[in-house]
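Colleague: Sequence:
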Amino acid sequence: MHTMVFNRYALIKPPFHNRVVRSNYDIPKDALCEIIAYSLKQAGAEHFLYAYDGFEQGICHVKKVMKSDIAAVNFEKLLLAVPEGGALGLFDDEINFYIRCSLEPAVCVAKNESQSGIFEFYGADLLTVPLFDKFRQDYDGFFLMESAKKHLDEIFI
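Just so we're aligned, residue 1 is where the sequence shown starts under UniProt numbering, counting upward by one.
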């Protein structure tokens, strides 16, 4: 994970001290890509950086994408490049938000099925509450809003 993000993540500093909107169930790949794009738009991202994390692989790539290029980003391609056991992280320079998502490995998907994955959005209430309301309406039962600290504690246990 990008060093700046990891330091905030490990020390539970903003945005990890507040709330997380996360998927309760796996989300189909196409819907997941739409959710990522919508979340970046709602966060008012002038740009974002992305990095792949993995427990053994370390950082695989960090790249900055400007707002003018966000609409052209192929999120499916970014998700498919995630190393096994890792996740795709999207954030801005100030880390006002952090999006973490990944797809299940292709070998776990049935022949005629589409890949699906998970989504997490860390941020202040100003960002998380409207996202949660929107996702709760569009994807009934698929999303939870929880204390980010509780969720991080579960990860570290």
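One or more hints might be untrue.
Claimed, not checked - Here are the simulated DSBU-like cross-link-like pairs (lysine-lysine), alpha carbons at most 35 Å apart as the crow flies:
1. LYS13 <-> LYS111
2. LYS111 <-> LYS149
3. LYS77 <-> LYS13
4. LYS13 <-> LYS41
5. LYS134 <-> LYS149
6. LYS29 <-> LYS150
Since the hints were derived computationally from the structure, they do not count as laboratory data.
Colleague: None of the hints should be skipped; say for each whether it holds.
Modeller: Hint by hint, here is what the structure shows:
no., hint, verdict
1, LYS13 <-> LYS111, "violated, 42 Å"
2, LYS111 <-> LYS149, "violated, 38 Å"
3, LYS77 <-> LYS13, "holds, 30 Å"
4, LYS13 <-> LYS41, "holds, 23 Å"
5, LYS134 <-> LYS149, "holds, 23 Å"
6, LYS29 <-> LYS150, "holds, 27 Å"
The structure shown violates the earlier hints numbered 1, 2.
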